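Assemble the dimeric complex from its two separately framed chains, guided by the hints.
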Amino acid sequence: MSADEPDTGLLAECLRRMYRIRIFDTTLSQRDDLPSVGHMSVGMEASIVGACLALEPGDYMVGTHRSHGHPIGKGAEIGPLAAELLGKKTGINQGKGGSMHLSDFSVGSLGETSIVGSGLPVATGAALGITMKGESRVCLCFFGDGAANEGTFHESLNLASIWHLPVVYVCENNQYGELTAHADACAVRRIADRAAGYSMPGETVDGMDVTAVYAAVRVAVDRARAGSGPSLVETDTYRFFGHAGGPDRGELYRTRAEVDRWRERDPIGLLRARLLGSGMSEPDLDAIEAAERVRVDQAWKFALASPLPDPQDAYLHVFADPIPLS
Amino acid sequence: MTRRSYLDCINAAMREEMERDPSVFLMGEDVSFNFMGSTKGLAEQFGPGRVRNTPISEAGFLGAAAGAAMVGMRPIVDMMIAPFLYPAFDQLVSIIAKSSYLYGGQTHIPVVIRAAMFYNIGTAAQHSDRPIATVMTIPGLKVVVPASPSDAKGLIKTAIRDDDPVIVFEDRSFWAESEDVPDEEYLIPFGQAAVRQAGTDVTIVGIAGGVTAALRAGERLRARGISAEVIDPRTLVPLDLDAILRSVAKTGRLVVVDICHDTCSVASHIAALVAERGFDSLRGPIVRVTTPQIPIPFSPAMERPLFPSADRVEEAAVKLVSR
Numbered sequence: 393m394s395a396d397e398p399d400t401g402l403l404a405e406c407l408r409r410m411y412r413i414r415i416f417d418t419t420l421s422q423r424d425d426l427p428s429v430g431h432m433s434v435g436m437e438a439s440i441v442g443a444c445l446a447l448e449p450g451d452y453m454v455g456t457h458r459s460h461g462h463p464i465g466k467g468a469e470i471g472p473l474a475a476e477l478l479g480k481k482t483g484i485n486q487g488k489g490g491s492m493h494l495s496d497f498s499v500g501s502l503g504e505t506s507i508v509g510s511g512l513p514v515a516t517g518a519a520l521g522i523t524m525k526g527e528s529r530v531c532l533c534f535f536g537d538g539a540a541n542e543g544t545f546h547e548s549l550n551l552a553s554i555w556h557l558p559v560v561y562v563c564e565n566n567q568y569g570e571l572t573a574h575a576d577a578c579a580v581r582r583i584a585d586r587a588a589g590y591s592m593p594g595e596t597v598d599g600m601d602v603t604a605v606y607a608a609v610r611v612a613v614d615r616a617r618a619g620s621g622p623s624l625v626e627t628d629t630y631r632f633f634g635h636a637g638g639p640d641r642g643e644l645y646r647t648r649a650e651v652d653r654w655r656e657r658d659p660i661g662l663l664r665a666r667l668l669g670s671g672m673s674e675p676d677l678d679a680i681e682a683a684e685r686v687r688v689d690q691a692w693k694f695a696l697a698s699p700l701p702d703p704q705d706a707y708l709h710v711f712a713d714p715i716p717l718s
Numbered sequence: 640m641t642r643r644s645y646l647d648c649i650n651a652a653m654r655e656e657m658e659r660d661p662s663v664f665l666m667g668e669d670v671s672f673n674f675m676g677s678t679k680g681l682a683e684q685f686g687p688g689r690v691r692n693t694p695i696s697e698a699g700f701l702g703a704a705a706g707a708a709m710v711g712m713r714p715i716v717d718m719m720i721a722p723f724l725y726p727a728f729d730q731l732v733s734i735i736a737k738s739s740y741l742y743g744g745q746t747h748i749p750v751v752i753r754a755a756m757f758y759n760i761g762t763a764a765q766h767s768d769r770p771i772a773t774v775m776t777i778p779g780l781k782v783v784v785p786a787s788p789s790d791a792k793g794l795i796k797t798a799i800r801d802d803d804p805v806i807v808f809e810d811r812s813f814w815a816e817s818e819d820v821p822d823e824e825y826l827i828p829f830g831q832a833a834v835r836q837a838g839t840d841v842t843i844v845g846i847a848g849g850v851t852a853a854l855r856a857g858e859r860l861r862a863r864g865i866s867a868e869v870i871d872p873r874t875l876v877p878l879d880l881d882a883i884l885r886s887v888a889k890t891g892r893l894v895v896v897d898i899c900h901d902t903c904s905v906a907s908h909i910a911a912l913v914a915e916r917g918f919d920s921l922r923g924p925i926v927r928v929t930t931p932q933i934p935i936p937f938s939p940a941m942e943r944p945l946f947p948s949a950d951r952v953e954e955a956a957v958k959l960v961s962r
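Respectively, the protein sequence lines represent chains A and B.
The opening position of the first sequence corresponds to residue 393 in the numbering used here, with each subsequent residue numbered one higher.
The opening position of the second sequence corresponds to residue 640 in the numbering used here, with each subsequent residue numbered one higher.
If you are wondering where the hints come from, they were derived from the structure by calculation, not from laboratory data.
Treat the hints loosely; a few may be bogus.
[What the hints assert, rightly or not] Across the chosen pairs, the derived CB separations fall in these ranges:
#1 B:Lys889 to A:Ile554: 37 to 47 angstroms
#2 B:Asp819 to A:Lys481: 49 to 59 angstroms
#3 A:Arg685 to B:Glu655: 57 to 67 angstroms
#4 B:Leu912 to A:Arg685: 33 to 43 angstroms
Since we're looking at a predicted model, the values are computed, not measured.
Quick reminder that beta carbons are idealized off the backbone N, C-alpha and C, glycines included.
Isolated chain B, as found in the complex (with noise of 0.2 angstroms):
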C-alpha cells in the first residue's frame, strides 16, 4: 500500500496504461505541462507524440479523438475543466455517442473522456458547471465519477480499456484527499456501487462531490442515534440501481445528495427510478440535496451555500427519520 492523492491516482492509472498499451495516448490543452496536476511526468515518460498539446479547440481535438479511435487508437482526452465540452458537444453527441450504433456496429470508440470539475473555488458561472447530468441524458456514452482517490486508479484504468466512449467527472473537492492506495494493479468494474458506511436507518446516496456531504452528514447522525447507510454509486452508466435499492429495502429512507443543479439533475434519475422499483420499501418521500436552479456567482458569499454541504444532507435525514 502507497499513500497516494486523487491526483496522483489519475496519474498513476493513465501512465500504467500508457505502458501496458501503445495505442493508448493523451491528448488536450498544455497536457505536457502538467497545468492541471494530473499529468506530471507523462511527457518525459513518453513524448511528444503521445502526450500531445492540443490548441484551443475542443470540437477538432474531440472529435478528432473518435476518429483516431476509429481506427485503432486509444485516446484519452483531457477537456481540463468540465464546461470545456460544450464547445465540442456535437462531436461528443453526434459522433463519439451515436457512432458505434449508427454504423450498426461496423466501429466502435474508445475514447476515454476526463472532465475535471470547479466550482465553490470563485470561477463563476462558465467554469464552474457540473454537467454530469447533461452527458448521463445521452445514449451511447459510459459515465464515472470516481469519488476517492482509490477508486480514481481503478475506474480510470478500466474505463481505458472499455471499448466504448467513457466520460470521466473528476471532482476538484477531491484532489486534496489522500488514502492508502494498493501496489498490485486492481481494476473497478464500472456498474458496482460501493458502499462507503453501512448503516439502517437512511440511506444517502452521493454523486461525486456530494459523497463528502454524506459521509460527513453520516458521522454527525451517528452521533445522533441515526445510523445511516452511505453509497457512492461510483458509476452512472451503467448504475448499480441494486445496491441502492437493497439499501432501501433495509433502510426505507432516500436521500440523494448531488451537485448537479436541481432540474433533471442525476438524483431525480435515481430518485424517480427507485420510487417506480422500490416504492413499497419506502418509509416517505425520496428527498434529493441539489444545487439550486441559479447560475453560480463569482463571491463566495453569495456561491458558498449553493452546493451540497453536511447541515442540509443532515437536515434532511433527521426530518425522514422523524416522520
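Only chain A is shown next, with the shape it has when bound in the complex (with noise of 0.2 angstroms):
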C-alpha cells in the first residue's frame, strides 16, 4: 500500500470512523441533557480521519477545544467519551474535562486542550520526549487556523525545526477562527507557506477529501519516523455547523450560501463515491453507517446508565502524589 492509494480495507475503516464522528456530534448536538454546549466537527471528518489513519497506534496526538472528533477518529472507545460529556463517573476524564477536553491517553491520545494555541508546545515536547526516549513514535499536533496567529505556533515549529523533532503539525483550517474570517486574520493566504519560515515542508491539501489528507499526513509522519524532522500540513475544511452547538442557521459571519456550497463537497459523501468506485455496494456503505449507528446509540446508553461522580471526587487528580489542601 503506498502513501497515495490507501486501499479499500484502509478507506472503509476510514468510512467507519468519519461516520462514528458524525453521528455522534449530531445526536450530541440535538441532546438537551448536557451541561454544556460541545463543539462539533461536522463537515471535519476527512480532515481528522485521514491525519489520525496516518498514524500508527502506538503514535501520539495532541488537539483543540474542538475535541470530539481528535479521538474518535484516533480509536477511542466512544462510551467513555459519551459519558465524559455527560459529566459520568464513567466519563474518560471521570467527569473532570468534559466537551472541550476529550482525552484517552490508551490510544496515544494526550489530551485536546482548550486554550487556542497550547497544544502546539505539549506536542513538540511528546516528540522531544520521544527522541530522547529513543523510540520510533511520532506526535501529531492537531490545531486550527486561529492558532497559526498565536505566539506558541511559531515558538513550537520554531523549536521542533531546530530539534528535528518527529512532530506534524496538523492546522485544520476551517476558514473560521470562532467568527472571524481567516482572510481578516492572517496575514498570509496559506498556513501552510509559513511552514517554510521554520525551515520544514509545508502542503495545503483538500481537507474534504480523506484521501488526499491520508496522503499527505502519510507523508509527513513517515519523514517524522525517519528522523528528517517535522513537517506542517494544512487541511482546507468547513464545519457545517456553528462554532459551538448545533446546524448553522444563517449566521451573521457566514451565508447560507457557502454553507451550502461546501456541504456539496460532504466529505462522507465523497469517500462514499470513492468506495462505490472501488467495488463496494450501496448496501455495504449503509451497512457502515447502521453499524456506527448503533455503536453511538449504544454509547449514549452506556453514558445515561453510569453514575453522576460524588461531589467530594472534584478533590482528586489535583496531584499525582497527594498533598493537604491548606
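In C-alpha cells, the structure reads:
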C-alpha cells in the first residue's frame, strides 16, 4: 500500500470512523441534557480521520477545544467519551474535563486542550520525549487556522525545526477562527506557506477528501519517523455546524450559500462515491453507517446509565502525589 | 560534611538526580554555558541531549517540558529569571498545573521549574519580580522556597523525584551563602517547616529572602531581651501550617516577612490562615512586613529601602511585644 493510494480496507475504516464522528456529534447536538454546549466536528471528518489513520496506534496526538472528533479518529472507545460529555464518573476524564477536553491516553491521545494554540508546545515536547527515549513514535498536533496566529505556533515550529523533532503539525483550516474569517486574521493566504519560515515542508490539501489528507499526513509522518524532522500540513475544510452548538442557521459571519457550497462536498459523500467506484455496494456502505449508528446509540445508553461523580471526587487528581489542601 | 554554596547545592542536586535517573534532563536558556552559575559542569558531564539550550521561547519550551513529561521524561526547566515565566504563563497555568486534573488522572506532569529571583540589585521593575504569591494561587502547582544552601539541595532533589509540577524559587540573595552540607544523600520532604531559631515571645515567619531579615532581626531582638522564634516554611504548597500554629500557640504573636508585593502576598495568606485557626492564641494583630505595592525602581536610593529589612522586622516585633 503506497502513501498515495490507501486500499479499500483502510478506506472502509476511514468511513467507519467518519460516520462515528458524524453521528456522535449530530446526536450530541440534538440532546438537551448536556451540562454545556459542545464544539462539533461535523463536516471536518476527513481532515480528522485521514490524519489519524496515517498514524500508527502507538503514536501520540494533541488537539483542541473541538475535541470530540480527534480521539474518535484515533480509535478511542466512544462510551467513555459520551459519559464524559454528560459529566459521569465513567467519563474518560471521570467528569473532570468535559466537552472541550476529551482524551484517551490508552490510544495515544494526550488530551485535547481548549486554550487556542496551547497544544502546540505540548506536542512539540512529546516529540522531544520520543527522541530522548530513542523511540520511533511520532506526535501529531491538531490545531486550527486561528491558532496559526498564536505565538505558541511560531515558537513550537521553530523549536521542532532546530531540534529535528518527530512532530507533524496539522492545521485544520475551517476558514474561521470562531467568527472571524481566516482572510481577515492571517497575513498569509496559505498557512502552509509559514512552514518555509521554519525550514520544514508545508503542504495544503483538500480537507474534504480523506485520501488527500491521508496521503499528505502519511508523507509527513513517515518523514518524522525516519528522523527527518517536523512538517506542517494544512487541510482546507469546513464545519457545517456553528462554532459551538448545532447546525448553522444562517449566522452573522457567513452565508447560507457558502455553507451550502461546502456541504456539496460533504466528506462522507465524497468517500462513499470513491468506495462505490472501488467495488463496494450501496448496501455495504449503508451497513457501515448502520453499525456506527448502533455503536453511538450504545455509547449514549452507557453514558445515561452511568453514575454521576460524588461531589468529593472534585478533590481527586489535582496531584499524582496528593498533598493536603490548606 | 562539605562547605557548599547555595549555587553549588542547586548544581549538586541536579547532578545527583541526573546521574540517578536517565529520564531527568535540563533545559533552558544558556544552561550549557553556566550563565547563572548553577549549571556548572552539567553539559560537559551529560552532553547536549540532556542539557539543552533553548531559544528565547519561554512558552514554547515550558510547554515542551510538559509534553516531554507526559510521555515519561522528567524535565528540569531553568527559567533563568522568575519573571520570564510571564511569557509562558498560559502553559504554566492551563497545561502544567491542570493536565493531571483535566484528564482525570490519566497523566501527570513531573516537571521542576527553577526560577531565580533578582531584586535589590538595580535590575528595575520588569526583571525584579518575585511571582511567588502569583504562582501559589494556581491549583495544581507545588511551590518551594529554599532559604539555605542545604535546604536547596534537599528540596530540589525531592522536587525532581516528585511526580507533580514543582516550582522552585531560588532567591539570589542566598547565592553568596555557604554552609556545611552532609556528604551523604539526603532529601527534604515537602510540607515540613524548619524552626531556624527557637523562641518564646514572638513568631517570625520568613518567606525566601525574608528569612534573612527575620534571622537578623531575631539576633537584635535577643540582645534586647526579646526571644523570637524564626520559622522558615521551606515549601508554600504544601504549607506546614501546623508548625506555624504550634509556634503562635507558644508566643501569641506573629510577624510574617515576605519579599512579595503586599497585595495578596504569601504573608497575607498565612496571616489569614492563622487568624482563622489560631485566633485564640493571638495576643495582638498579625503583622506583615512586605514589599510595597509599587513597581521596583532602578535607582538604588529608591530601591534599597523597599524590601523587608531586619530594621522593619525588629520594629514590628518590638511593637507587638510592647502592647
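- CB of Asp819 of chain B to CB of Lys481 of chain A, is that within 49 to 59 angstroms? Holds: the Cβ-Cβ distance is about 53 angstroms, inside 49 to 59 angstroms.
Original post:
Honestly, do Leu912 of chain B and Arg685 of chain A meet the 33 to 43 angstroms range at C-beta?
Top reply: 56 angstroms Cβ-Cβ, so the 33 to 43 angstroms window is violated.
- Range agreement (Cβ of Glu655 of chain B with Cβ of Arg685 of chain A, hint 57 to 67 angstroms): At roughly 58 angstroms between Cβ atoms, Glu655 of chain B and Arg685 of chain A fall inside 57 to 67 angstroms, so the hint holds.
Given a hint of 37 to 47 angstroms, does the C-beta separation of Lys889 of chain B and Ile554 of chain A actually sit inside it? Given range 37 to 47 angstroms: violated, Cβ gap about 57 angstroms.
Comparing the model with each numbered hint stated earlier shows that hints 1 and 4 do not hold.
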